[in-house]
Amino acid sequence: MYPDPQVSELISRQFVPVRIHVKEQPTMWKRFNIRWTPTVLILAPDGAEAFRLEGYLPRDEFLAQLHLGLGFLAVNQKKWQPARQEFESVVERFPETDAAPEALYWAGVAKYSNSHDPNELRALGRQFKERYTDTAWAKRASIW
Amino acid sequence: MATDTIAWQKDVDGAIAEAKRAQKPLLLDFTAAPA
Numbered sequence: 014m015y016p017d018p019q020v021s022e023l024i025s026r027q028f029v030p031v032r033i034h035v036k037e038q039p040t041m042w043k044r045f046n047i048r049w050t051p052t053v054l055i056l057a058p059d060g061a062e063a064f065r066l067e068g069y070l071p072r073d074e075f076l077a078q079l080h081l082g083l084g085f086l087a088v089n090q091k092k093w094q095p096a097r098q099e100f101e102s103v104v105e106r107f108p109e110t111d112a113a114p115e116a117l118y119w120a121g122v123a124k125y126s127n128s129h130d131p132n133e134l135r136a137l138g139r140q141f142k143e144r145y146t147d148t149a150w151a152k153r154a155s156i157w
Numbered sequence: 894m895a896t897d898t899i900a901w902q903k904d905v906d907g908a909i910a911e912a913k914r915a916q917k918p919l920l921l922d923f924t925a926a927p928a
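Protein chains in written order, with the numbering used here: chain L, 14 to 157; chain Z, 894 to 928.
Source of the hints: derived by calculation from the structure; they are not laboratory data. Idealized CB from N, CA, C, for every residue including glycine. Heads up, a few of these hints could be off.
[Stated by the list, open to error] Quick list of simulated restraints, FRET-style, between CB atoms:
#1 L:I156 / Z:T898: 40 to 50 Å
#2 L:D130 / Z:E911: 31 to 41 Å
#3 L:I156 / Z:A915: 24 to 34 Å
#4 Z:D906 / L:K36: 39 to 49 Å
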């Protein structure tokens, strides 16, 4: 995973990277409530957890999840435009991944949160009638 | 075989202090894999 140049580039550019081995730092596992390996946490600059990924994923799925995590970091800071951009980048760059329908949903949420225009949510509901129709995210969007 | 080029840190609290200074998020990778 990490030898992949796209993964390495994204992590090195976007994050302060920390690796914690179970045998070397067992107390950290309790501190961060780790249940399984591999687990990747994305923390805000103040150390608050924003995103958790448990278990191995192939490269594109992993990259998509990292971008989802960056989107949630922005959501937590109410930075709706950067959040929308991160989520939309997942849908555009990794449309076949499991992360894509989740990203589509949250892109719509970010748009609505920025504008407070209910038409954004209706548009999101329509999008899920056309793609990712059999996903849990389509069910969530079905109310719109 | 390709090698990992990421400059991983081990000191979590030191990394959080760096992240605060740089206003950059952290990625924590918990592993049990052999080094």
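Determine which of the earlier numbered hints do not hold for this structure and return their numbers in increasing order. 3, 4
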